[in-house]
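K.L.:
Got chain A sorted already, so can you dock chains B and C onto it with the hints?
The lines below spell out each chain.
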Amino acid sequence: MSVPRFWREIPYRYRLIGSYCENCKETFFPPREICPKCRRAGNIKNIKLEEEGEIFSYTVIRTAPPEFNTQTPYVVALIKLKNGPLILSQVTDCDVEDVEIGKKVRMVFRKISEDGEAGIINYGYKFVLAE
Amino acid sequence: MVGIIGYGAYIPKNRIKTSEIARVWGKDPVNVEKGLGVIEKSVPSIDEDTITISATAAKYALKRAGIEPEKIGAIYIGSESHPYVVKPSGSVVAAALGCEGELRCADYEFACKAGTAAIQNVMGLIEGGYIDYGIAIGADTSQGAPGDALEYSAAAGGAAFVLSKDNKENIVTIEETLSYTTDTPDFWRREHQHYPQHGGRFTGEPAYFKHVGTATEMMMKRAGITPEDVDYVVFHMPNAKFPMTMAKKLGFSKEQIAPSLVVKEIGNTYSGSSLLGLTAVLDIAKPGEKILMTSYGSGAGSDSFYMTVEDAIERKRDLCPKTWEMVHEKRYVDYATYTKYRKKILMR
Amino acid sequence: MRKVAVIGVGMTKFGELWNSSLRSLTIEAGIKALNDAGIGGEEVDAIYTGCMSGDMFVKQGHIASLIADYGGMLPVPSTRVEAACASGGLALRQGFMAIASGMADIVVVGGVEKMTDSLGSQTTGYLALAADQEWEAFNGATFPSLYALMARRHMHEYGTTEEQLGLVAVKNHHNGSLNPNAHFQFDVSLEKVMNSSLVADPLRLFHCSPVSDGAACVILASEEKAKELSEDPVWIIGSGQASAAIGLYDREDICTIDSTVNAARAAYKMAGVTPKDIDFAEVHDCFTINEIISSEDLGFFKKGEGGKAVEEGLTSLDGEIPINPSGGLKAKGHPVGATGVAQAVEAVIQLRGKAGKRQVKDAEIGLTHNIGGSGGTAVIHIFSR
Chain A
1 MSVPRFWREI PYRYRLIGSY CENCKETFFP PREICPKCRR AGNIKNIKLE EEGEIFSYTV
61 IRTAPPEFNT QTPYVVALIK LKNGPLILSQ VTDCDVEDVE IGKKVRMVFR KISEDGEAGI
121 INYGYKFVLA E
Chain B
1001 MVGIIGYGAY IPKNRIKTSE IARVWGKDPV NVEKGLGVIE KSVPSIDEDT ITISATAAKY
1061 ALKRAGIEPE KIGAIYIGSE SHPYVVKPSG SVVAAALGCE GELRCADYEF ACKAGTAAIQ
1121 NVMGLIEGGY IDYGIAIGAD TSQGAPGDAL EYSAAAGGAA FVLSKDNKEN IVTIEETLSY
1181 TTDTPDFWRR EHQHYPQHGG RFTGEPAYFK HVGTATEMMM KRAGITPEDV DYVVFHMPNA
1241 KFPMTMAKKL GFSKEQIAPS LVVKEIGNTY SGSSLLGLTA VLDIAKPGEK ILMTSYGSGA
1301 GSDSFYMTVE DAIERKRDLC PKTWEMVHEK RYVDYATYTK YRKKILMR
Chain C
2001 MRKVAVIGVG MTKFGELWNS SLRSLTIEAG IKALNDAGIG GEEVDAIYTG CMSGDMFVKQ
2061 GHIASLIADY GGMLPVPSTR VEAACASGGL ALRQGFMAIA SGMADIVVVG GVEKMTDSLG
2121 SQTTGYLALA ADQEWEAFNG ATFPSLYALM ARRHMHEYGT TEEQLGLVAV KNHHNGSLNP
2181 NAHFQFDVSL EKVMNSSLVA DPLRLFHCSP VSDGAACVIL ASEEKAKELS EDPVWIIGSG
2241 QASAAIGLYD REDICTIDST VNAARAAYKM AGVTPKDIDF AEVHDCFTIN EIISSEDLGF
2301 FKKGEGGKAV EEGLTSLDGE IPINPSGGLK AKGHPVGATG VAQAVEAVIQ LRGKAGKRQV
2361 KDAEIGLTHN IGGSGGTAVI HIFSR
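Residue numbers (our numbering), protein chains in the order written: chain A, 1 to 131; chain B, 1001 to 1348; chain C, 2001 to 2385.
Looking at chain A on its own, in the form it has when it is part of the complex (with noise of 0.2 Å):
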């Protein structure tokens, strides 16, 4: 990935600042520009989201792109955030048969990947679980 193009995330990807519709009270991650349910008549506004949710559903990696195949086996999720939207991330520092839908789950700050041996390294949130 491009270094402006993992730039412009950052607030984002490091904080979990997603969207929020004051039209419709309906809280969006990844940011959205327009709300999808009432579109243009309502009023998006950044929100902090909530670091802790629990698992919808998850796989483990055990085949992946060359710039996450020294992670594998990793665990990807869907995370029901609490108060907040399904997002997808990284469940880390787990035993994969510990990992199971409904646990509780928190965020933490990660490495997700770099940019070969030289290139920039891209960090972002992934979730540890919490029980």
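Treat the hints as calculated values from the structure; they're not laboratory data.
There may be inaccurate statements among the hints.
[Stated by the list, open to error] With a straight-line Cα cutoff of 16 Å, these simulated EDC-like cross-link-like pairs (lysine to aspartate or glutamate) come out:
no.	chain 1	residue 1	chain 2	residue 2
1	B	K1316	B	E1265
2	B	K1249	B	E1205
3	B	K1063	A	E51
4	A	K37	C	D2250
5	A	K80	C	D2253
6	B	K1344	A	E51
7	B	K1340	A	D93
8	B	K1343	A	E33
9	C	K2059	C	D2117
10	A	K37	C	E2311
11	B	K1290	B	D1229
12	C	K2302	C	D2258
13	B	K1343	A	E114
14	B	K1013	A	D93
All of these numbers come straight from a predicted model, not from anything done at the bench.
P.N.:
Below, chains B and C alone, put in the same frame as chain A:
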């Protein structure tokens, strides 16, 4: 006076037993354990580095401080394993915390004492009236060459402190700080080298003991105290033996140093080492108690701090995970997984 | 709206075709289809070609011009259509609309993908381009992993089993063994599927469609031209397309693919038929879970009962509603851009009664269902004799 308003620790969850490392190199595990007093060490996950460790510790520190991230005027991170040689760790951590903007920031390096040097620098900025709040962090994901004696202890972890002045919210007041520095090449890593080199037994008497001892004695003299006036003493922990020997030499008891000796179960976290000792003490210290901490950085120097614990500690310490809790929250990895996590495998 | 017929079909064998290039595959399928239609090519008004990622797999852009040129069709207007794995189905819909609207009388619809010129790990990354790059792929999600998330949830909510996922593969391999163009022309046992290596839990290698090269082509004509040129035209009586959120994270329910539901509704309405009227369906089984989910979304079974239906043989060649008589993406192969068009080729062959050992008995109405990404796009066509 300047004090600590919030503190946070972070220790990666993975551990490797020193006996497992000894097994790979055909060394006697009992001798290794005895010699170092270290039974296992922390290993960063493949997605952890000094930046992520710093960010996590600082997040806890901010939570205990109870202040808005925008109020932070400075971030200094001391480490010998900054992920970038050029490009600061501090700016990434600032973005992760939400305190980008008007902010003083630079990365520090002084072997294992860059974190305490960061505290002194932030203290100076606060005393000088330049900033109201600042964060100082010491963190490392240190590496020892495979098979080298350092490999048994080189570990990962960090601690962060939010500092402020004359604040009722302070949990610790820093009464005095001083440093002692000489050119003593006991341990180093040249540019472009992956692993450090060291002078073997030269790292002991003329290096660690001379600097930690001198700085601590200077501090006791300046503060007008004796070992009996102190409740807790914290030293840099390259292994368990050195700080215990140092404490004995200077007249401190086992009871005074024991609460800080996390090294036995997590190894030497370099820039995080003495600071994780301090966070372990803060987790249990009572208002009015006195703490004496002296760090050590090869090359060589020591920073010494004399501190008084304040009332606010009681309200704040339970807000975040405690140091010994993190020491005990662990999952073991074998040597093969360790080499994968630490990028010791040649991938192409 | 004018009626639209298919008057010619052709496809290459699907598989690892080391001797063939992107352009040679396309031309081979095109010539077969033109020959089948009995036309030379001068009559063609437009070309639409589905191709997901020639840009990445073989680093070739501007595929529309390449195909018109090497197909000997200059100066016919040529358009490349891209919607990830639904590219082929969407190209068919573009051709359908061109004729239905009266803009064209004869249209060539192609689909092609040359996948084996890139390395395996690169291919994993290129296929993941169909996912949201910023919020799925960035975090390490692969394409199989997205379907694995759906599979896990479907198992959780409806009790769908790993065996049922495996039985889809067993069935489709059997059908593929009867298809001379299939990538895999052999049967597999459930045991072999269940013991294959994990790709993204719970999905194993044999739950996944293969990486294939191949191309397919159909010739579309207006009613007037079809009657003039063809003895056995097959009519496209319904066409539906719908979009859904590109990312799984923005779906209300990951056990349903909304784009399929909406596209099916539109296609059934246009055709004036219901799911009960469908005699067979070519369903997008890029992963076996998708055949189960889609068989529910298309209205063949109640939500949650797709797995049981496979187990009971309802979707087998001689079942109530045969699904993927061609072998599906799983066994016939999945050259991504070609898939949607190859589904149409199979529908036409079945409705002509020319499918040999895999012929669905008394097939009058067939349906093709083509999905892009994890369901961001779905396109459905209904064919009738």
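K.L.:
Indicate, hint by hint, whether the structure satisfies it.
P.N.:
Verification of the hints:
no.	hint	verdict
1	B:K1316 <-> B:E1265	violated (25 Å)
2	B:K1249 <-> B:E1205	holds (12 Å)
3	B:K1063 <-> A:E51	holds (14 Å)
4	A:K37 <-> C:D2250	holds (12 Å)
5	A:K80 <-> C:D2253	holds (12 Å)
6	B:K1344 <-> A:E51	violated (33 Å)
7	B:K1340 <-> A:D93	holds (14 Å)
8	B:K1343 <-> A:E33	violated (40 Å)
9	C:K2059 <-> C:D2117	holds (10 Å)
10	A:K37 <-> C:E2311	violated (39 Å)
11	B:K1290 <-> B:D1229	holds (7 Å)
12	C:K2302 <-> C:D2258	holds (15 Å)
13	B:K1343 <-> A:E114	holds (13 Å)
14	B:K1013 <-> A:D93	holds (7 Å)
When each numbered hint is compared with the structure, violations occur for hints 1, 6, 8, 10.
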